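Note that the protein sequences, when read in sequence, are chains Z and Y. For the first sequence, numbering that gives the first Met the number 0 assigns the number 0 to the initial residue and increments by one for each residue that follows. For the second sequence, numbering that gives the first Met the number 0 assigns the number 0 to the initial residue and increments by one for each residue that follows.
Worth flagging that the hints you see were computed from the coordinates, not collected in a lab. Remember, predicted model here, so these are calculated numbers, not experimental data. Treat the hints with care, as some may be off.
Calculated from the model, a selection of chain Y residues having no Cβ within reach of chain Z, i.e. all distances over 10 Å [as the list claims (entries may be wrong)]:
{"#": "1", "residue": "G29"}
{"#": "2", "residue": "A204"}
{"#": "3", "residue": "G229"}
{"#": "4", "residue": "V252"}
{"#": "5", "residue": "F268"}
{"#": "6", "residue": "G275"}
{"#": "7", "residue": "R293"}
Only pairs whose alpha carbons sit at most 27 Å apart, straight line, appear in this in silico BS3-like list of lysine-lysine [said to hold, decoys possible]:
{"#": "8", "chain 1": "Y", "residue 1": "K147", "chain 2": "Y", "residue 2": "K187"}
{"#": "9", "chain 1": "Y", "residue 1": "K333", "chain 2": "Z", "residue 2": "K354"}
{"#": "10", "chain 1": "Y", "residue 1": "K187", "chain 2": "Z", "residue 2": "K63"}
{"#": "11", "chain 1": "Y", "residue 1": "K147", "chain 2": "Z", "residue 2": "K285"}
No residue lacks a Cβ here, since even glycine has one placed at the ideal position from N, Cα and C.
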Amino acid sequence: MTTPVAPIEYRQQAGFPPPPAKDAPLIRVRDLHTFFPIRRGLLSRTVGYVKAVNGVSFEIAAGKTLGLVGESGCGKTTVGRTMLRLVPATSGSVEYKGLDFFAFSGSELRRLRRHMQIVFQDPVGSLNPRMTIGNMLAEPLLVHGIATGREKDDMVASLLSRVGLDPSYASRYPHEFSGGQRQRIGIARALALSPDFIVCDEPVSALDVSIQSQILNLLADLRQERGIAYLFIAHNLAVVEHVSDDVAVMYLGRIVEKASSRELYSNPKHPYTSALLSAIPLPSAKPRPRRIVLAGEVPSPANPPPGCPFHPRCSLTRQKAAEAGAGDTVQTYSAGVSLRVMRQCCTETPPLEQKTGEPGHVAACWLAE
Amino acid sequence: MPSTPNFAPEIPMPKPLLELSELSIGFTTGHRSIRPVHDVCLSIYPGQTVALVGESGCGKSVTALSILRLIPSPPGHVLGGRVLFEGRDLLALSEREMQQVRGKDIAMIFQEPMTSLNPVFTIGEQIVEAVTLHQHVGRNEAYAIAEKSMRDVGIADPHRRLLDYPHQLSGGMRQRVMIAMALSCQPKLLIADEPTTALDVTIQAQILELLRSLQQERGMSILLITHDLGVVAENADVAAVMYASRIVEHANVGELFENPQHPYTQGLFRAVPRLGVKASRLVAIPGTVPNPGRFPPGCKFHPRCALAASQASAAGAVQGVEVATDTGTVCVPKQCHATEPDLRETSREHWAACHYVAGYAKATATVPRSASQRATEVPLPVIPMAMGEGGAP
């Protein structure tokens with residue numbers, strides 16, 4: 000990397016980013032779309048799109064955590080990556096303190112990036128095996144012209160000790176560490192530029208139970224100390240409940256339900272959320288009350304079902320269809336199974352709207368009250 | 000499963016289907032040798048599901064592989080112990096006899112359904128191979144058996160699916176195919192090594208439900224290897240917790256979850272975030288699982304053990320030893336550092352290996368056997384595709 004090292008006073012001179020707009024949330028995502036083209040044939044013509052993210056909006060206030068859950072392939076990782084411009088967005092905007100993150104380029108973009116960082120799922124694949132930990136942590140400091148020489152070494156040492164590693168480890172290579180230690184290094188790297196916002200993309204999914212709790216505690220401590228806001232992406236609902244203030248549930252590129260963590264878990268409105276919650280095996284000796292087993296699998300995001308994307312797997316629409324008159328229902332076919340569903344569910348996409356319960360509890364379902 | 004008449008005054012103790020007795024497995028590379036499985040005793044009775052729980056590197060998968068003698072030798076070798084299946088020692092069989100056992104009497108499914116299916120053969124060819132190896136049937140009949148077992152695991156349109164290659168199927172589908180293949184020869188024991196770890200929760204629920212219903216139909220036994228305590232609670236009758244090559248606790252699932260005795264088991268329970276329980280911090284177990292090449296002396300859990308630390312501070316410095324760990328030094332009782340506790344029956348049908356569990360000093364070392372079934376014989380109430388009010392916990 001041959002990025003010129005800027006002098007330290009660079010930080011003070013630059014009048015960038017400008018002071019934040021009043022009462023703008025730290026992060027605001029508006030109607031984000033990320034489509035991946037499907038190319039076929041000799042001329043690689045675009046024959047369709049994988050709609051990985053299909054109209055996602057949310058806000059995260061400073062120091063708060065939004066949990067993003069869903070099954071694999073629902074687009075939750077793509078949301079995180081698109082927000083940091085690791086994947087180009089098709090449309091929509093991401094604002095950081097009221098500044099449109101997608102409108103900048105070059106050095107302004109780089110300076111804005113300081114404030115938004117990411118921790119990846121795979122602690123092995125996300126660390127360069129040929130760099131020592133010290134060099135890896137020093138690189139962002141050099142690139143952004145924050146520190147050089149002794150000052151830089153001191154900062155690396157304090158980062159390492161902050162995430163619970165011995166500062167003498169700076170001269171070691173990634174393969175010398177265990178999975179949990181590597182994830183600590185990943186977190187230290189994200190912290191190096193003192194960001195206000197970190198995307199945590201499944202940070203504990205690859206870790207053992209006893210290590211997972213250490214990392215979750217570390218993330219919680221950092222949040223308390225530094226007021227960092229997180230977008231916490233995970234598929235484990237118990238972990239998400241533990242760390243999040245608000246939780247959004249994604250299905251096929253859309254948010255289908257969003258509420259405060261306590262509200263969502265105690266009073267789920269969307270049938271998909273209910274099914275997800277009831278699918279979790281509970282570590283308890285008491286027999287669980289009831290379980291909704293979802294039939295089938297997540298449909299392909301290249302060819303999502305019409306109307307509400309969840310309707311072919313939804314038990315609520317079938318239950319309502321059984322009670323409703325023939326005029327309001329339709330017979331559809333999905334994965335070789337014929338089912339009767341409400342007409343509205345397979346013709347119109349439900350909007351994300353306020354449901355009964357706490358203010359801010361929104362769900363995208365025609366049938367949930 | 001032999002039915003026991005209700006009026007019989009003495010219920011005969013059923014014989015275990017599989018019994019591991021003091022099994023130890025070693026690996027040798029160059030001058031180094033490690034022992035990832037040490038004196039493991041485990042019994043599985045007909046119709047029972049036994050869970051082997053532990054974190055990665057604790058030896059649970061090596062234990063499972065050694066039952067089928069799938070550990071490559073060298074570097075692996077059996078250091079001692081026996082694997083009795085219906086009274087026969089599998090370790091003493093010839094390779095030819097062992098091939099008769101694999102797939103037919105004992106079948107296994109793996110965590111990675113993609114890497115355990117052969118990518119260049121169709122699903123049908125792979126199931127038919129297993130069927131023709133173990134049953135004296137022709138090709139057409141074998142295809143019929145394959146189709147039936149595909150239907151049994153809930154695959155729609157099995158006739159066409161048999162012609163598919165593994166890459167044409169989704170993860171959940173592949174795991175169903177693995178199960179179909181494993182069950183095509185009606186095994187008495189199914190070893191499921193992390194069968195749902197790579198799957199989403201909703202698909203996990205489908206697969207576990209499938210295993211439960213197939214088990215009830217056929218009365219087979221399952222050895223379930225997992226690190227997920229939730230999966231254990233809902234699917235197993237008996238659980239054995241493994242830590243650093245040894246079983247440290249063994250009990251019926253109900254008893255284990257109500258009354259975990261070993262500090263490691265207790266630590267695991269506290270470390271997992273639970274639905275509906277909002278705690279600001281989790282109680283983490285400090286440090287990491289030790290590498291099999293560098294097991295600590297005495298009780299292998301002592302450098303991470305909260306109970307040992309509290310016992311040492313209660314007893315005073317005379318009784319304690321300073322031990323260096325990767326997170327600093329801790330003071331633990333001499334006993335924990337010097338002698339490795341063996342598995343003792345500390346309360347009825349509950350075995351633990353810890354010097355400081357209540358009743359441990361007076362208890363005698365016995366081989367853990369929990370023949371009793373799950374207390375609630377009623378299957379979990381499952382409402383397929385129907386939703387009740389407030390269906391979530």
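Flag every earlier hint the structure violates by its number, smallest first. Numbers 2, 3, 4, 5, 6, 9, 10 and 11 - these are the hints that the structure violates, sorted from lowest upward.
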